[in-house]
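Undergrad: Just so you know, the sequences run in chain order Z and Y. One gets the working numbering by counting positions in the first sequence from 1 and adding 1 to each. One gets the working numbering by counting positions in the second sequence from 1 and adding 1 to each.
The hints are simulated quantities; they were obtained by calculation from the structure and are not laboratory data. All of these numbers come straight from a predicted model, not from anything done at the bench. Treat the hints with care, since some could be wrong.
Which copy is meant is left open, because identical chains are indistinguishable; a pair holds if it fits in one copy or across any two.
Claimed, not checked - Below, a list of computed lysine-lysine pairs in the DSS-like style, where the Cα atoms sit at most 30 Å apart:
no. : residue 1 : residue 2
1   : LYS321    : LYS346
2   : LYS451    : LYS441
3   : LYS377    : LYS476
4   : LYS451    : LYS400
5   : LYS64     : LYS441
6   : LYS261    : LYS380
7   : LYS150    : LYS481
8   : LYS377    : LYS402
9   : LYS61     : LYS481
10  : LYS61     : LYS447
11  : LYS247    : LYS451
12  : LYS79     : LYS422
Protein chains: 2
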Amino acid sequence: MPPLGLLRRKAVAALLSQLVRPPRAPCVRGRTAGGPSQVAEAVLTSQLKPHEEKPNFIIKVPKGTRDLSPQQMVVREKILDTVVSCFKRHGAEGLDTPAFELKEMLTEKSEENFGLMYDLMNQGGELLSLRYDLTVPFARYLAMNKLKKMKRYQVGKVWRRESPSVAQGRYREFCQCDFDIAGQFDPMIPDAECLKIICEILSGLQLGDFLIKVNDRRIVDGMFAVCGVPESKFRAICASMDKLDKMSWKDVRHEMVVTKGLAPEVADRIGDYVQCRGGLSLLEEMSQDPQLSQNKQAVEGLRDLKLLFEYLTLFGIAEKISFDLSLARGLDYYTGVIYEAVLLKTTAQDGEECLNVGSVAAGGRYDDLVASFDPKGYKVPCVGLSIGVERIFYIVEQKMKTSGEKVRTSETQVFVAAPQKNFLQERLKLIAELWDAGIKAEMLYKENPKLLAQLHYCENMGIPLVVIIGEQEQKEGTIKLRSVVSREEEAIKRENLVAEIQKRLSLS
Amino acid sequence: MPPLGLLRRKAVAALLSQLVRPPRAPCVRGRTAGGPSQVAEAVLTSQLKPHEEKPNFIIKVPKGTRDLSPQQMVVREKILDTVVSCFKRHGAEGLDTPAFELKEMLTEKSEENFGLMYDLMNQGGELLSLRYDLTVPFARYLAMNKLKKMKRYQVGKVWRRESPSVAQGRYREFCQCDFDIAGQFDPMIPDAECLKIICEILSGLQLGDFLIKVNDRRIVDGMFAVCGVPESKFRAICASMDKLDKMSWKDVRHEMVVTKGLAPEVADRIGDYVQCRGGLSLLEEMSQDPQLSQNKQAVEGLRDLKLLFEYLTLFGIAEKISFDLSLARGLDYYTGVIYEAVLLKTTAQDGEECLNVGSVAAGGRYDDLVASFDPKGYKVPCVGLSIGVERIFYIVEQKMKTSGEKVRTSETQVFVAAPQKNFLQERLKLIAELWDAGIKAEMLYKENPKLLAQLHYCENMGIPLVVIIGEQEQKEGTIKLRSVVSREEEAIKRENLVAEIQKRLSLS
C-alpha cells in the first residue's frame with residue numbers, strides 16, 4: 002500500500018472505499034482512454050496482482066436500487082398519472098420537501114424505521130438522514146409553518162435500509178404517493194374519504210379485485226389490555242402482530258412468547274381475537290364482547306368504526322372494506338383508524354380461497370405526530386394514505402410481460418426523411434418548422450442516411466407519420482406524407498404541411 | 002452527561018448529534034404531549050439549566066434546502082411541463098436513476114464537484130454518495146447496459162454541498178432537467194438540436210430576451226496551448242476562466258497568477274482572447290489567427306463551430322448564439338462544444354448595456370465519459386444540456402410577486418354544499434357521484450357547516466361551481482347549481498346533475 006502522504010484527499014476516500022468493501026466483491030475502476038484516473042490506480046496497485054494489466058471492473062447501482070428504463074418509465078408515469086389525478090380530484094394541493102431531514106426530525110417518530118434510516122456522513126455540518134416516508138416530513142412542515150389544516154399530496158422517493166427483495170418488487174429506494182388531510186374536523190369524514198380514494202385508485206388502475214382491511218389502533222390497544230398484555234409491551238406486540246400478513250399465527254405467537262416474553266395464555270387470548278374479520282355485524286359483535294366492551298379505548302374505536310362504515314356505505318364502497326382485528330400497522334405514530342389494501346387473486350381452481358398478493362396501499366390516523374414537532378405541543382389531527390406504487394408497478398410490469406404488450410417509449414408523431422443525398426439542409430429547415438408548430442418530430446443525425454434506415458427507425462419507434470422531401474418534391478413545391486402503418490403516401494403542398502399534419506394528428 | 006451505558010442506540014445517535022452541533026445553535030427536541038421523548042430528554046438534561054422546564058426548540062429544514070409550498074409547486078409544475086414537453090417534442094425517452102450512486106462511480110468524473118459531494122454514512126455496506134448531476138449517472142447507465150445510442154431526458158433532484166445563496170435561488174438540493182443525445186453521429190447535428198431545444202424552452206417560458214454563449218473545449222485548450230499554459234495547468238486555469246461570469250478579468254487573472262502559479266505574461270495573452278465574442282465573422286477571424294491556426298485542436302474546434310453555426314442558421318436561431326472565447330464551463334468531462342444560456346435584462350435607461358442575470362441553461366459535448374465507465378473503454382459520444390429550473394423558478398416567482406398574480410393551488414371544480422342541518426348523508430352521496438364521474442369535487446368535513454363558511458371556502462380556493470342541496474331541493478328532486486363568481490343560481494334536475502356540470506366545465 003503506498004504511503005498515505007502521497008495520496009490526495011480523493012485518494013484517501015477511494016482507499017477507504019477499498020478497505021471496507023467485502024473482499025469477494027472487488028469493485029474497482031480501471032484505466033480509461035485518456036481519463037485522469039492515475040490516483041485510483043495508485044490506490045489500487047497494491048490490490049492487483051503484478052501481472053494483471055486491467056483491474057476487475059464492476060459497474061452497478063447501489064444495493065436495493067435500480068434504474069428505470071424508458072419502457073419502465075412509461076408504465077411508471079401512467080400509474081403516477083392515475084394516482085395524482087385522483088388526489089387532485091379530491092382537492093389536494095402539492096407539496097415537496099427535501100430528500101433529507103435533520104436526523105433529529107426523523108428519530109423517535111417510528112421505532113420500527115429507526116434502524117432502517119440512511120444517515121449522511123457528517124461532513125462538518127448538520128447530522129442528516131434520508132427520509133424514510135413522506136408522513137413525518139409532512140408533519141414537520143405543518144408544525145414548522147404553524148398550519149392548522151391542509152389537504153396535500155406528495156409524490157417522492159423515500160429510502161429504507163431494509164433487506165431488498167428485488168423478486169417481489171421491494172427496493173431500498175422507492176417511490177411513495179401520499180395523500181393526507183390535516184385539521185380538526187368531525188369524526189370519520191376525512192377518514193372515509195381516504196378509503197374512497199384508495200378504492201378509486203385501485204379501481205382506476207384495473208389491478209383486479211381488492212379488499213381494504215380496517216382496524217383502529219385503539220381497538221388494538223384495548224384488545225391487548227383486555228388480553229393482559231403489559232402496557233410496556235404494547236408497541237412490541239403490535240409490531241409482531243403486524244407480521245401476520247407474512248407469517249402464520251403460530252410463528253407470530255412464537256415471536257410474542259419467546260422473543261418478546263409474553264405469557265403464552267395472553268398470546269392465546271390475542272390469537273382468538275385476531276382471527277376475527279367481517280363487516281358491520283362483527284363490529285356489533287365486538288361492541289357486545291364482555292371484555293372489549295369494558296375497555297374505554299376499544300369502545301371509542303368501535304364507535305368510530307361504526308360511523309366510518311356508515312359513511313363508506315354512502316360512498317358505495319362498504320363491500321370493499323373488511324373490519325379485521327389482525328391488522329396492526331407497524332408504524333408507531335398511528336392513533337386511530339388504520340387500513341391496508343390488498344389485491345385478491347382468485348386462483349384457477351374452483352372453490353379455492355383467495356390468494357393475498359400483498360399490500361398495495363395503506364394508511365391511518367395519526368393525531369399526535371404534528372404535536373411532537375411543535376414546541377408548544379399544538380395538536381393537528383391527521384389522517385392519510387400512501388399508495389404502494391412500486392408494488393403496483395411490479396404487478397403491472399408482470400402483467401405486461403405475460404401479455405407481451407409493447408409500449409412506445411417516445412411520443413414522436415412525425416419523422417422527417419429524405420430518399421436522396423444532400424438533403425440535410427432541407428430536413429433541418431423542415432424539422433425546425435414542425436418543432437416550432439409544436440409537432441413532435443425526429444430525424445436521423447446523419448448527413449445522408451439511407452431511406453430504409455429512416456423507415457426502419459419509424460417502425461421500431463412506432464412513429465406514425467413520415468414527411469419525405471426529395472428532388473421531385475422540391476421541384477414541385479410539395480412534400481410526401483407517408484403513413485407508416487398503411488404505407489400510403491400522399492403529396493401535399495409544402496406550405497400546407499403543418500396544417501395537414503395537425504389535421505391528421507387530431508383525427509388519430 | 003449520563004453514562005453512555007444507560008443510553009440506547011437511539012440515544013447515542015441523538016447524543017452525537019448534540020456534540021457536533023455548533024454550540025450557538027442549540028436545536029433540541031422537547032417534551033411533547035404524550036410523545037415518547039424520554040430518551041431525548043435523558044440526553045438533553047445535561048445541557049439544560051436546572052430551572053429550565055422546556056428546552057429550546059428549533060424546527061427547520063437542512064441548510065441549503067427548502068420545502069416547496071403548494072403555491073410554489075404550481076409554478077414549479079408549470080415550468081417542468083414546458084421543459085418536459087419540449088424534450089418529448091424532440092423524441093426523448095424518459096429515464097430514472099437512483100438518488101445515490103456507488104461513490105466510486107461519481108469520483109474522478111469531475112474534479113470541481115468532488116468536494117461538493119454528499120457522502121452517505123458507512124452503515125456496513127457500500128460507500129455511497131448522492132448524485133451531483135444527472136450526466137454522470139446517465140453515462141453510467143449507458144455503459145452498464147452497453148447502449149450505443151439513446152436520446153433521453155431526466156428530471157430529478159441533485160445535491161451539492163456548495164455555499165447556498167438562498168437570495169439568488171441557489172440551493173444545496175436542486176432540481177435538474179437534462180436532455181442528452183448519445184451515439185456516433187455526423188458532426189454537429191445533435192449539438193445543433195441541443196441549442197434549438199434551449200431556445201424553444203427559454204422562449205416558451207417567456208423569460209425575456211436571452212443569449213446562448215458557445216465555445217469549444219478544444220478551442221479553450223488550443224488557446225491555452227498557444228498562450229503558453231503548461232498542459233498540467235489546463236484544467237485548473239479552465240476552472241478559473243469559468244468564473245468570468247461572476248468575477249472581473251482582473252480578479253480571474255489574479256487567481257490564475259497568484260493562486261494557480263501562471264506566468265503573468267501568459268495570463269495576459271489569455272486576457273486578449275477572452276474578450277472576444279461574436280458570430281460567424283469572429284469564427285473566421287479566429288481561424289486566421291496566426292497562433293490558433295497553428296494548433297490542431299483549436300482548428301478542429303473552429304471548424305466544428307462553423308458547421309454548427311450553419312445548422313443554427315437553418316434552425317432560425319443563429320441570432321441567439323454568441324461565439325464567446327471566455328466561456329469555459331467548469332466540468333472536467335466536456336470534450337467539444339460547450340454552451341451556456343443567459344437571460345438579458347435591458348435596464349430602464351436608454352442606451353445602457355444589457356445586464357447579465359445569470360445562466361439558466363448549459364451543456365456541451367462529452368465524448369469520453371461513457372468510456373470511462375466501460376471496462377473495455379468503449380466510446381459513446383454524447384452531447385446534452387441541463388435546464389437550470391431553480392434559477393428560472395426564482396425568476397418566475399419574483400415576477401409573480403411583483404405582479405401580485407395569484408395562483409390556484411388545487412384544481413377543484415365543484416363544491417358540494419348544504420344550507421341546512423342534517424344533510425351530511427346527502428352531501429356524501431352526492432360528492433361520491435361526482436368523484437365517480439371524474440369531477441374534481443370538495444366539501445367541508447363538518448356534519449353541519451354554515452353556508453357562509455362553505456361559500457367562503459369556494460372563494461378562497463377559487464372553486465368555480467357550487468352544488469347546493471337543501472330541504473327545498475330534496476322535495477323537488479332538484480339541485481341548485483351556483484356560479485361562485487357571478488353568484489347566479491339555477492335549479493336543475495337531480496338526475497341531470499353530472500351531465501350539466503360536465504357541460505359547464507367543458508365550456509369554461
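Undergrad: Of the hints given before, which are not true for this structure?
TA: Result: hints 3, 4, 5, 6, 8, 9, 10, 11 and 12 break, sorted rising.
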